[in-house]
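Based on these hints, arrange chain U on the given structure of chain R.
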Amino acid sequence: MRETTRHISPLQYAILESTAFMGIGIFEFPRLLVLQAGNDAWWGLIADWAMAFVEAWLLLKVAMVDPEETLLGKTRRIWPGPAYWAFGLADTLVQLILPVVALTQFTYVIVTFFLPDTSPWIIELVVTAVSAYITWWDLPALVRTIQVVYIPIMAVSIAMLILLVPHVADTYALWPSGHLRLYPTMLGALHTFYIFVGFEAIPLFWPYVRRQDQPRARRYTYWMLALSCLFYAAVLAATLGTENPWYLIHLEWPGVSALRLISVVGLLIDKLGVLAVAFWGILSLFFISVRFWSLAHALLPMLRQRTLAWYRGVILGLALAVFSIALLVPNVQVSDRWSAQAVPFVLLFIFVYPLALLATVAWRRHHPQPQRQPPRIEDGEGRPARH
Amino acid sequence: MMRNRRKLVLTALLGALMLSGCADNRPLNHRALVLGLGFAPAPHGQISMIFQIPTLTGLARPSMGNSKSGSSPTTFILTGSGPTAARAFTHAQADINKDLYLGQLQTLILSTHLSASQFRNIADTLIRMGTLDKTAYAMATSAPVQKVLTAKSQTTSLAPLYVSTGFWCAHCQVVDLKRQMWDVEQAQFAPARNLWLPLIKPIGVGFQIQSVVFYQGNRVARILSHHQTSVLGYVLGRTSKGTIDLSWHGQSVSVDSLQAKPRLSAEWKRSRLYLGVNLAVTGNVYSFPIPLSVQPHLAWLTKAVKHELTVQCRQLLQSLGRQGLDPFSWGNAYVWQHPHALKRWLDAYRHAVWKVTAHVQLRQLGDTT
Chain R
1285 MRETTRHISP
1295 LQYAILESTA
1305 FMGIGIFEFP
1315 RLLVLQAGND
1325 AWWGLIADWA
1335 MAFVEAWLLL
1345 KVAMVDPEET
1355 LLGKTRRIWP
1365 GPAYWAFGLA
1375 DTLVQLILPV
1385 VALTQFTYVI
1395 VTFFLPDTSP
1405 WIIELVVTAV
1415 SAYITWWDLP
1425 ALVRTIQVVY
1435 IPIMAVSIAM
1445 LILLVPHVAD
1455 TYALWPSGHL
1465 RLYPTMLGAL
1475 HTFYIFVGFE
1485 AIPLFWPYVR
1495 RQDQPRARRY
1505 TYWMLALSCL
1515 FYAAVLAATL
1525 GTENPWYLIH
1535 LEWPGVSALR
1545 LISVVGLLID
1555 KLGVLAVAFW
1565 GILSLFFISV
1575 RFWSLAHALL
1585 PMLRQRTLAW
1595 YRGVILGLAL
1605 AVFSIALLVP
1615 NVQVSDRWSA
1625 QAVPFVLLFI
1635 FVYPLALLAT
1645 VAWRRHHPQP
1655 QRQPPRIEDG
1665 EGRPARH
Chain U
34 MMRNRRKLVL
44 TALLGALMLS
54 GCADNRPLNH
64 RALVLGLGFA
74 PAPHGQISMI
84 FQIPTLTGLA
94 RPSMGNSKSG
104 SSPTTFILTG
114 SGPTAARAFT
124 HAQADINKDL
134 YLGQLQTLIL
144 STHLSASQFR
154 NIADTLIRMG
164 TLDKTAYAMA
174 TSAPVQKVLT
184 AKSQTTSLAP
194 LYVSTGFWCA
204 HCQVVDLKRQ
214 MWDVEQAQFA
224 PARNLWLPLI
234 KPIGVGFQIQ
244 SVVFYQGNRV
254 ARILSHHQTS
264 VLGYVLGRTS
274 KGTIDLSWHG
284 QSVSVDSLQA
294 KPRLSAEWKR
304 SRLYLGVNLA
314 VTGNVYSFPI
324 PLSVQPHLAW
334 LTKAVKHELT
344 VQCRQLLQSL
354 GRQGLDPFSW
364 GNAYVWQHPH
374 ALKRWLDAYR
384 HAVWKVTAHV
394 QLRQLGDTT
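Chains as they are written, first to last, in my numbering: chain R, 1285 to 1671; chain U, 34 to 402.
If we strip away everything but chain R, and leave its shape as in the complex, we get:
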């Protein structure tokens, strides 16, 4: 590894958390929410917010169980043996599907709106290669890259949403329904929760935050999550207001369709909104990078390897795997189906796994078992342990 610090700042941690989930759902949101919840879409979004905050709270609790240890390291210590392997493999599989979904979504946005005659594989190859490239120097370098680009992207996105205000014609859709129907609302919220998928990376990055910075990192994480929630609310308002709700559900990428309406007369870039679409693509790229990093750090302890050469080898292998799987996706509907199928598993990781882990830790604390010391894969300093 490079000899620069391996630590990241609390703000970098919070930004990393945001990019860990924002790239996957940004294009498709809020089609499923409005389709399922109808005029209760706003309540569905609020339910999603609540779930996201519970998730963040739970995962931060998990992170605090052993602040110096990675998620799989914790799992191995608490449930050594088959449970660890089962969790690791299932996690790997789901984490392999998610970047494929993000990659294909972005690719088909580009192919549909901008480059209809370009083969999707060319775009997929470029995005995968760049994702692997920015992951090449491990987390601190990855985070710095993300930090530099994330803030301008969000600033431009918010500016674009403000420019959409004159296009808001269907103001009636901005009001939440007065008659809350619980079942469709929850259905919409569950189907839309993919917008927060990736947040389970919280405990993965936690060991990279200095111990004295951890309270601040926790606070920043909540703030960044709140900002992301508000951003999604702004996207919902902009799409519902510019596209009427009945048209919105027929649009594959409602946000992109709305952004395409922005045109500033006299400005050098005629279709300014289209620029934001490209920027959102960078969010997808970061999402894929963060997945690569997470996957590499899930696989390396399982392979009992910690060297940079192995890390890069795994990154290359993952890039190849994601690119190859993406080639199997013939159209965006398949990608939608995959993301829908991955959501229940992800929910399992997000809610059931932390609860089970925290319960086990609490049980062990009250019923200590001093007879056996579970094996550790690395020591507190991050150096590889000898097995």
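Watch out, some of these pointers could steer you wrong.
[Said to hold, decoys possible] Restraint-style ranges between C-beta atoms, simulated for each label pair:
| no. | chain 1 | residue 1 | chain 2 | residue 2 | range |
| --- | --- | --- | --- | --- | --- |
| 1 | U | ASP289 | R | ALA1624 | 53 to 63 Å |
| 2 | R | PRO1364 | U | THR44 | 35 to 45 Å |
| 3 | U | PHE109 | R | LEU1611 | 38 to 48 Å |
| 4 | R | ALA1624 | U | HIS373 | 20 to 30 Å |
| 5 | U | CYS205 | R | TRP1507 | 25 to 35 Å |
[Said to hold, decoys possible] Listed next, the in silico DSBU-like pairs over lysine-lysine satisfying Cα-Cα at most 30 Å (straight line):
| no. | chain 1 | residue 1 | chain 2 | residue 2 |
| --- | --- | --- | --- | --- |
| 6 | R | LYS1555 | U | LYS167 |
| 7 | U | LYS294 | U | LYS274 |
| 8 | U | LYS211 | R | LYS1555 |
Source of the hints: derived by calculation from the structure; they are not laboratory data. In this text, a Cβ means the ideal position worked out from N, Cα and C, and glycines have one as well.
Relative to the frame of chain R, chain U by itself:
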């Protein structure tokens, strides 16, 4: 050092890969940039798709501020017909050795003679064209579409840009009748399915856009007169330079620069729908025929303008309402809150009681001579 250089080379290579453009990049002269697109009914129930494409001479000319029309044509017309819009497009593409590109479309012209099913088919096809520019201005015409697309403009050498330059500035026109293709697409899915489009008419040299066409279920339901269109402009808050001519003891007085901002209200009383439009109107009075002190003039003028506007607006809205035509998309708002009550709304809307009120504020500017 070597390691850094390797990284630099790799970064440059990846950058070059990202910046190398697109695989389907084509030179401009291999592309037929469609600026105007028209649809009209063709014989045997077919749809005719008319493309207005600039020639290279047309593209090279300054698009604005040059009223001289040279000897060589700036645009040419390509037509394709077929049972569906998609087939018409294919036939047109077969007739030209360039790629028909709709990403720079400025104007969409729809003939008022299209049947409802043809209109629906056209809208469906346009919705599914990913590269199509959704901000193109949509208009209807009762004249032959080809005539509209071949008419010359006084204000721009490239006639297709007449419409876009006209609509760019919403406050430059008397009534802002700007509608975009986006509005046509949206109306296909909204439950009330109400759509209005400006009507474009080619005149000797140039165009006239002074009326509005109302569609109901993709069929032309009503064409408003020029006067009714101005009144509609007030109730929709789209009039920037309205004028009302009044008579003071046989002498004409005019109130200019009239603008109105509507505030809408709807309420149910004993299962009857009461719809209210409150207009906040401002305007200027430049001169008055007899020299009197300012205040009585303005009081009389304010009262007269208020009466004119409220009566005309109520008459128009009532007659539109009886036909089920809803320029405010009130039906969509109601159905959003009451998803299964469209029929109830439509029945109530046709028999709604309209109340139009106006708060008028006029300014006496005096003579400038």
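Hint check:
Taking 53 to 63 Å as the suggested C-beta distance range, the pair ASP289 (chain U) and ALA1624 (chain R) conforms, at roughly 59 Å. For the hinted restraint 35 to 45 Å between PRO1364 (chain R) and THR44 (chain U), the CB-CB distance of approximately 43 Å keeps it satisfied. Taking the beta carbon of each, PHE109 (chain U) and LEU1611 (chain R) are about 42 Å apart, inside 38 to 48 Å as hinted. Between ALA1624 (chain R) and HIS373 (chain U), the C-beta spacing of about 27 Å keeps the proposed range 20 to 30 Å intact.
Between CYS205 (chain U) and TRP1507 (chain R) the beta carbon distance is about 45 Å. The supplied range of 25 to 35 Å is therefore violated. With a C-alpha separation of about 11 Å, the suggested pair LYS1555 (chain R) and LYS167 (chain U) falls inside the 30 Å cut-off, and the hint holds. Under the criterion of a C-alpha separation no larger than 30 Å, the hint pairing LYS294 (chain U) with LYS274 (chain U) is consistent with the structure, at around 13 Å. Our distance criterion of 30 Å between C-alpha atoms is met by LYS211 (chain U) and LYS1555 (chain R), whose separation comes to about 18 Å.
Hint 5 from the earlier list is the only one contradicted by this structure; the remaining hints agree with it.
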